[in-house]
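Let the hints inform the model, and build the full structure from the sequences given.
There are 2 protein chains.
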Amino acid sequence: MAQSREWRLKTRPVGMPTPANFEFATVDVGAPGAGEVQVRNSWMSVDPYMRGRMYDGPSYAAAFQVGEAMTGGAVGEVIASNSEKFKVGDKVQSMFGWREVFNARDNEVQKLDTHGLLEQLFLGALGMPGLTAYVGVKKIIDLKAGETIFVSAASGAVGQMACQIARQIGATVIGSAGGAEKVAFLKEIGVDHAIDYKAVPDLTKAVLAAAPGGIDAYFENVGGEHLEAAITAAKTHARFAFCGMISGYNALEANAAPKNLVQIVGKQLKWEGFIVSTYANMAPAFAKDVGGWIASGQIKTKETVEQGVENAVAAFLKLFTGDNFGKMLVKL
Amino acid sequence: MAQSREWRLKTRPVGMPTPANFEFATVDVGAPGAGEVQVRNSWMSVDPYMRGRMYDGPSYAAAFQVGEAMTGGAVGEVIASNSEKFKVGDKVQSMFGWREVFNARDNEVQKLDTHGLLEQLFLGALGMPGLTAYVGVKKIIDLKAGETIFVSAASGAVGQMACQIARQIGATVIGSAGGAEKVAFLKEIGVDHAIDYKAVPDLTKAVLAAAPGGIDAYFENVGGEHLEAAITAAKTHARFAFCGMISGYNALEANAAPKNLVQIVGKQLKWEGFIVSTYANMAPAFAKDVGGWIASGQIKTKETVEQGVENAVAAFLKLFTGDNFGKMLVKL
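Residue numbers (our numbering), protein chains in the order written: chain U, 1 to 332; chain B, 333 to 664.
Hint data in this document are derived by calculation from the structure and do not stem from the laboratory.
Bear in mind that the values here come from a model prediction, so they are computed numbers and not experimental data.
A few of these clues could be false.
[Unchecked claim] Covered stretches of chain B, going by a simulated chain U footprint (3 or more residues, C-beta under 8 Å): (1) 362-375; (2) 563-577.
[Unchecked claim] Derived, one-sided and incomplete: chain B residues facing chain U with beta-carbon distance under 10 Å: (3) G502; (4) Q595; (5) L601.
[To be verified] Over the 12 Å line for every Cβ pair with chain U, so calculated as not near, a few chain B residues: (6) K470; (7) E513; (8) A516; (9) A627.
Glycine included, each C-beta is placed from N, C-alpha and C at the ideal position.
Structure representation (structure tokens):
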């Protein structure tokens, strides 16, 4: 009999979530049943999209249920097996995050071959955030060498990968992040023009100063002022990929931007929203390309690590205050 | 020596234009020079896009110059020719609207073969507005039989054609217009669900009542509340064509909608703005398809006609108050 601590949704947040919306509980986990495995998580992921699952409404991801343990990406190790498919010691990936130990059917967890890379990379640069960046840059935008792309939240889990994939393609990259430390990191990973959006008086002017001829593409993670700047800086026929708009996730009043939306007509812009799961077929190419670039050092990754499942909610909340840097992970 | 009355831009409008922004002048038009023709216009067009040309800023169409005659679509007849390409009596199309008589080089006007149809149709259903609808529905949205499309400003010059082209494709059409008379016209042209947006308490609910399963496509002419309704009613992977956003053309404060833009991500929406001139290569297919549908009576057209060049500014201003109905034309 193992014990596991887990986080449950206690009440649905209104606006910015607070620790009071969550409940920390301890449960007993019995022996795995027939066809089941027991896993001890070593890492779990906190991601902005989880905020959407705290609403009880139609969404692309099912809502978290009040009183139940939340879910999310995790990597761990099999500690007991009642399935022929897994043996003790196997590394696995699953969506049973937000907890320490769990039992699951053997088709609910996936074996993880790290190819010698750090296992936590498979929650970030080589996991969902990395694939999101890859799909957005390669498929939705179809970025070409010589083009200029603007990436918002550029030091984040998705943004840092979008910037570096764009660099590998041979594009000029403008990245925006908040604060000197994040901007220094952007320069370190090869971003051509790193903008500290908290320090510039006018973001649109800053983007246009970096790209006087305008931008060919925009990778949207933020919304609001960033989207307005991208619209004004866009060239004719520019392509925008929308993978998220974190500035509005906790807004009580819906975001009023972009005020310059009408330019979508005159500039003949192409906008497309996407959910990474739609492009699961790109995962093998992504693993080969990005795994290779990471192994060879051509792509660098940045993480913020919080220690212990008890700090998972605090880690999650930092996603919305800009206190995180790179991929936010919890080491269990 | 002919005399011609013409409208000039006197001052650049701030917000909604007023008659005081325009100047009505009479000029003498001498004999056409070598390689020139003299044309007396019979019809001229007023279109929403002309509002954009009254700003002095970067735009897809060159700004009107203060103190000079404005330009726009017109059809007329050659009354004197100093070119081998034209003879007196030839019908021609040009961009020398907003005036009665003009001289132009023979490459600045195009011969008009009406194929037995009314010449003013070539400023509306068979002209720029009709081609705009055709490009939006056929190329940008790529509408399929059995799909559901929502068209805003559905009784307007572009909207009425978008609705009827969509019907010809075999789609279900939801059209929105303001007032009982316009709604009656929408039913007459085969719109499946005609919504009087001025009469319904909640436009989003009205669209969803017409399409409980959601819409596959949206043809955007309006912006604001209409765009928000379309976003909320959109199915996953819905396609939006943006040909204009008239609700914001005269706004002093930029339009704050859509407040629900974030749904572009979760619903994986595809948005594309377009300018009809980019798709000039579709004009022959358009003339064949839509000319045929009009000749056979499968497509109906509606015009509002103002009499005399002196009323052209009044006609233009009606575009923004909803007082027009169908294609707005001025008979000279």
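Structure-based check of each hint:
no.	hint	verdict
1	362-375	violated (count 0)
2	563-577	holds (count 5)
3	G502	violated, 26 Å
4	Q595	holds, 8 Å
5	L601	holds, 5 Å
6	K470	holds, 16 Å
7	E513	holds, 28 Å
8	A516	holds, 30 Å
9	A627	holds, 31 Å
In summary, the numbered hints that this structure violates are 1 and 3.
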